[in-house]
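These protein sequences, in sequence, are chains X and D.
Per the numbering used here, the very first residue in the first sequence carries number 466; after that it's consecutive.
Per the numbering used here, the very first residue in the second sequence carries number 466; after that it's consecutive.
What the hints contain is simulated information worked out from the structure, not anything from laboratory work.
Some hints here could point you the wrong way.
[Said to hold, decoys possible] Computed, partial: chain X to chain D, Cβ under 10 Å:
# : residue
1 : Leu-532
2 : Leu-545
3 : Gln-548
4 : Leu-583
5 : Val-589
6 : Ser-612
Yeah, the Cβ is synthetic: ideal placement off N, Cα and C, and Gly gets one too.
Number of protein chains: 2
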Amino acid sequence: MHCIRFRSAPTIHSFAAIAGQKEAEGNFGRFFDRIEPDPALGEKSWERAESRLQAETLRLAADKGLLKVDELDCILAGDLINQCTGSTFAVRGTDVPFLGVYGACSTMAESLLLAGVLADGGYVQRAAAVTSSHFSTAERQFRFPLSYGGQRTPTAQWTCTASGAAIVGKHAAAPYLTGGCIGRICDLGVTDTTNMGAAMAPAAADTISRYLKATDTAAGHYDAIITGDLGKVGSPLLIELLQGQGIDISAVHFDCGAEMFDCDKQDTHAGGSGCGCSASLLCAYFLPKLAAGEMRRVLFCATGALLSAVSSQQGESIPSICHLVEITG
Amino acid sequence: MHCIRFRSAPTIHSFAAIAGQKEAEGNFGRFFDRIEPDPALGEKSWERAESRLQAETLRLAADKGLLKVDELDCILAGDLINQCTGSTFAVRGTDVPFLGVYGACSTMAESLLLAGVLADGGYVQRAAAVTSSHFSTAERQFRFPLSYGGQRTPTAQWTCTASGAAIVGKHAAAPYLTGGCIGRICDLGVTDTTNMGAAMAPAAADTISRYLKATDTAAGHYDAIITGDLGKVGSPLLIELLQGQGIDISAVHFDCGAEMFDCDKQDTHAGGSGCGCSASLLCAYFLPKLAAGEMRRVLFCATGALLSAVSSQQGESIPSICHLVEITG
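Hey, can you work out the whole structure from these sequences and the hints?
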C-alpha cells in the first residue's frame, strides 16, 4: 500500500537534461544534453536563472520529441524555492495547464507518477514532468548568504544546478512507465539539516520495501534501483535499513547524489542534492539506456526532505518522503 | 483544453471544516464543524498551530465518514508556508501515502481534482484533499512581523485561519465529482502584492470560460460558480472580464473571499484569502447543501497567486492560476 500498476504502460516520449559547469565536471558531465557555463544563465537574479534553466530544459525535451511546449496538455512541476516560483515563473510563458507539486527533491518521481496516472487513465494525451534546482537559490534560501563563505560539514551535500524534463504520453516505444508507489512521510527524529541523507534514508527504505513486496519482486529483478540524493552518508544507511528487512539491494543500488560528483576532487563532501540532481541523471543517463535497450528495468526512487528554514530553526526534525516509479525498456 | 470528465463520478465521501474565532464571527460562522478560539491551538508556534489545524480537520473529515485516517490510500495536501510544512508536519503522524501539491490558494481545487483522477481511474479507493491557512503564519512570512502592526491597504485581504478536508472515493451518495479543469498560469503584469484579487481575476476568467466552452454550458446551468478569494476588488474584475467574452456569471457568482467576513465591521478590507478560505467554505457550506439536495450543481474554482516574498521583492509580477472542479448533488 499504496502501489500503482499502469494498465496501458504510458511511454516517456522524450526527455532532456541541462546542467551547470560544476556538474559538467562531475562523473556524468558527458551525458547532459547541454551545459550552462554561466550560473546566472544571463539573468539578473539566481531565481530567474533557475526558472530559465527549467524552461529551457522543458523546451529541449519537447524539441527532442518533435513537439512544441504548447502542444502539451499539462505540465507537472515543482522545485525547492519558496512557493515553487522556480517552476511557476518557468511555466508562466506557456499556455499549458499547470499542476504544481511539492515533494522537495522527490519532485521528479512525484511528477512522473502523476503524469503517468493522467496519461494512463486517459485524462491527458501528453503531460510533462519537470523540475530543477540551483546551487545559489538553495544555498541562500536554506543556508547562508553566498558571500558569507560558510564552512560546510562533512555530511553536507551540494545542491546541483541542474534540471530534468520528461514528456509522458502514449507512444509506441520505450521507455515505459509500468508502475509506481506513492511515498509515506517518515521521520526518525533527525534534526541535523546538514545531514539530510540520514533523514531521507528511512523514507527510501519504506517505499522500496513496500514496492518490492507489492510486486513480489527481488532487487535482482531490476538493472538499477536509483535513489535520489541520499549521498555518501545516506546510501549505506539505506542498504543497512533494507538488510534489516532481509532485502539486499547493494548489487543494483545507484544513488544520484553519491555519484553525481567526484566528491573528493570537487569538494562536494557527501555528494550532490536538489530536485535537479536525480532528475537530470534520470533524463541524461538512465532514460537513454532504457530507450536503447541497454537497461531493461529500473526503479527511480527520488527522495525529499520536507523541511523549511523555519521548521529547522524551530527545532523540528526532518520529515522525509520517497516516491517511486518503475520504468522499463 | 484541458478539461476532464470523470467517467465513474467519484463521490465526496465525507468532509469537514474548522475555523478560527474571527472567521466564526464572520458571515458563515455557524456552518463550521468546529471553531478554534485559541489561534495557537495550544501549540508553541504559529506554524505548529497551522499543522494541528490541518491534522484535526482531516481527522474530523475521516470521523464524519466513519473512517480512520490510516484507512485512506492517499492524502493530497499543500499550503502557503514555505516548503508546505503546514501540510507535511500535519501528515507526518499518519501512515498514509502523501502527495504534496502547490497551488497557493487554489490548492483545494487542485487536490480535489487530482483526488478525483486517482479515484476515478481506480488507482486508489479513497484519497483525501486537504489544505489550510493561518493568519499569523501567512502574515509574518509574506508581509510584516505581527508585532509591527503595519497598516493594511484598502485592497488587501485577510488570510483566514481555517482548514477544509474532503475524502474522495467510490460511494453511492452525493456529492459527486463530475469533472474539472486544470488551470493555466495567467499574468497580466500586476505587481501590487496587496491587491492579489486583481492579479488572480484573469486566471479565474480563463478557467471558467474554458470549462463552460468545453462542456457547452452557460452560467445558469449551475447553482453557484464559486471562486476562491478574489475578494471585493477581484470579484467585479472577474465579472467584467467574462462579460467581455459574452459570459455573464453575475447571477450565480459567489466569491469565498468576498463573503467570508463582514468586511466593514470586521476591518478585513477587501475580504478573506488563504488556502483555507475557499476550502473551509466549500466543506462547511456548499458540500452540505449538495449532499442534502439543496443545490444540484456547482463549479468550485479556487484561485492562487503564485508569488513569493522574494519574487515580489525582486519586482516580479504575480503569476496566478485557477483550478476548477464540478460538483453535483
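Hints violated by the structure (listed by number, smallest first)
Hints 1, 6 are the ones this structure does not satisfy, whereas the remaining hints hold.
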